Amino acid sequence: MKTTPAGETAVGRRAPRKKYSLFRVLNGLFFLVFCLMILLPLWKVLVDSFDLTTGYGMKLLPEKFGIAGYTSVFTNKSLYIPLINSVITTLSGTTFGLLLSTLGAYVLIQEDMPGRGLFAFFLLFTMIFQGGMIPTYIVLRKLGLTNTLWSVILLPAINVYNLVLMRNFFDGIPKSLFESATLDGCSPLQTFIRIVLPLSKAALAAIGLMYAVAYWNDYTNYKLYITKELLYNFQMKLRSIMMGSDLPAANSGAVENTVQNAAVIVAILPFMILYPLLQRYFVTGINLGAVKE
Amino acid sequence: MENAPPTNIKIPKKPLSIRLLKYKWFYLMFIPVLAFVIVFYYTPMVGIRYSFTKYNLIRDPVFVGLDQFKRLFSMPNFWSAFYNTLKLSIVKLLLNTGMAVVLSLLLHEMVNLKTKKLAQTIIYLPHFLSWVVAASVFQLLLSPTTAGLFNQVLLKLGIIDKGIYFLGKSSWWTPTYYVINIWKDTGWGTVIFMAALSAIDPGVYEAASIDGAGRWQKMWHITLPALAATILTVLILNLAKVMNLFESAFVLQNDAVMDKAQVLQTYIYYQTFNSGGIPDYGYTTAVGLFKSIVGMILVLVCNYASKKVRGRGIV
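Protein chains in written order, with my numbering: chain A, 5 to 297; chain B, 1121 to 1435.
Careful, some of the hints might be misleading.
What the simulated footprint calls covered on chain A by chain B, stretch by stretch (three residues with Cβ under 8 Å from a Cβ of chain B suffice, anywhere in the stretch; the number is not a length) [unchecked claim]: (1) 33 to 40; (2) 45 to 52; (3) 73 to 79; (4) 83 to 97; (5) 106 to 117; (6) 189 to 196; (7) 211 to 223.
Quick caveat, the hints were computed from the structure, so don't treat them as lab data.
It should be emphasised that the depicted structure is a prediction, and the values quoted were computed from it without experimental measurement.
By construction, the Cβ of each residue, glycine as well, lies at the ideal position given by its N, Cα and C atoms.
All chains should be modelled from the sequences, with the hints used to inform the complete structure.
Below you can see the structure in the form of structure tokens.
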């Protein structure tokens, strides 16, 4: 193996093999087809969102290019308010979520804190048994949170699974760092802010992103707790546009289908822009769950 | 304690009061977490008492004993929703996991790292799109009108002579639902398997090659056994969640396919918020309690299985 040229290390570590075996060609072709199948539905939506004709069908490029679908989405008040709501809930929800999961995780790693085991059980039990959809609805309603954005911000902020992921990460920080911080006179809160959080940037990014995606994509909680249209997020709005009940006046020549397609693209756009840059953090997130294996 | 450095050998545990005092700031920091869990998880648990009452949120709940459960168990709609929940989630789980394993094995065989990275980036993508977006995309793609690409292709090829309502016809809905799930989640499912695969010592493959093992032999005798524990873990972890199926079925269902697409959570939703009359919260709480209990049994069984298989539980 030592004679393998440097450029071929990945192959070299395994058996020496022909550079283009039939298997490798077929494997490559398989992934080409698979990736195209993943992307095709999204591509078709993108194409149709720019196409101003009505004869969609099999075209994979716009026949009559135009951005009327998008101007319809962005100039219509009934559509940009949901966008603003989505941004507000995503930002504030992610903040709340990170705050709760880091605080909880920090407490759970204090090994000889009296009551720690009880706290852990208290949190984990919620993963085994839940009150269910209706009792939760009744609680939120009695608290006066339904039909306010608080319901869709606060409820998903406490996510025990994310808290456990954060604890798994904190567990990996050497305990001696905490001890020396204490010796230097740091209070627990100071240790948390000055030592734990700066060391956890990767986990904060990963878990923060998981929260952000969940908030941006949230539909269930809105469907359950929000009936006021003014408080809808973009997913709710997109849904009613797709159901045809709530189409913004198709102005400047945009047809119904174009507006629907454009709305789908707007819903995924922020994520699509950030995704290539942030992909590694998502993978970090799932690997945190595997730390204890 | 055995491995502790000699500087702090076997210090007897300090008295409780001193330890409580030492951690006072931590208790303070835990208060927000505790408050959220109590309000959003434990108070609803107290609410399951409504399942023994008739309750419409306007008048006080009236105790009716087990009447709601008797009503529930005599409802054909309930049983069909229960059956659909189990069927849809379990078949989906097996399909997604199986596909994810195959995809990971093939990804693992990819030699060019740049292509591999690109393929991974693309196949992970749909997982992060919302179910509303996925439903919208496929509603447009599978539409039986001239706007639906898929039907148009089938028509052009002469495979069918009339557009098919993939999401609007009972017999087509279930397979379509599985396909959309595969599109959305299989790629992301490979992440955990890829992590397990990268942990295999390349030396093992080398040794096998020297012994004359071919690609398939290596895959069968080295790679797959290395994945076995992870596959079981994934199945167990997800089996515990099968009763929670809601959003994916909810956004893809419509009146025409309810016999196949109604699951327990959507049944609860429609009975409460879309029943036409004043809802009986007692009844839907009872359905929810049944769902939670079955879910809890599944979690405990999976937890036991997990302890047997991999030496630690899932919760």
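Going down the list of hints, with the structure as the test:
1. 33 to 40: With 4 residues close enough to chain B, the hint holds.
2. 45 to 52: The restraint on the segment 45 to 52 of chain A holds, since 5 of its residues have a Cβ under 8 Å from chain B and three suffice.
3. 73 to 79: Contact hint for the segment 73 to 79 of chain A vs chain B: violated, 0 residues under 8 Å.
4. 83 to 97: violated (count 0)
5. 106 to 117: holds (count 7)
6. 189 to 196: Answer holds; 4 residues pass the 8 Å Cβ test.
7. 211 to 223: holds (count 5)
Comparing the model with each numbered hint stated earlier shows that hints 3 and 4 do not hold.
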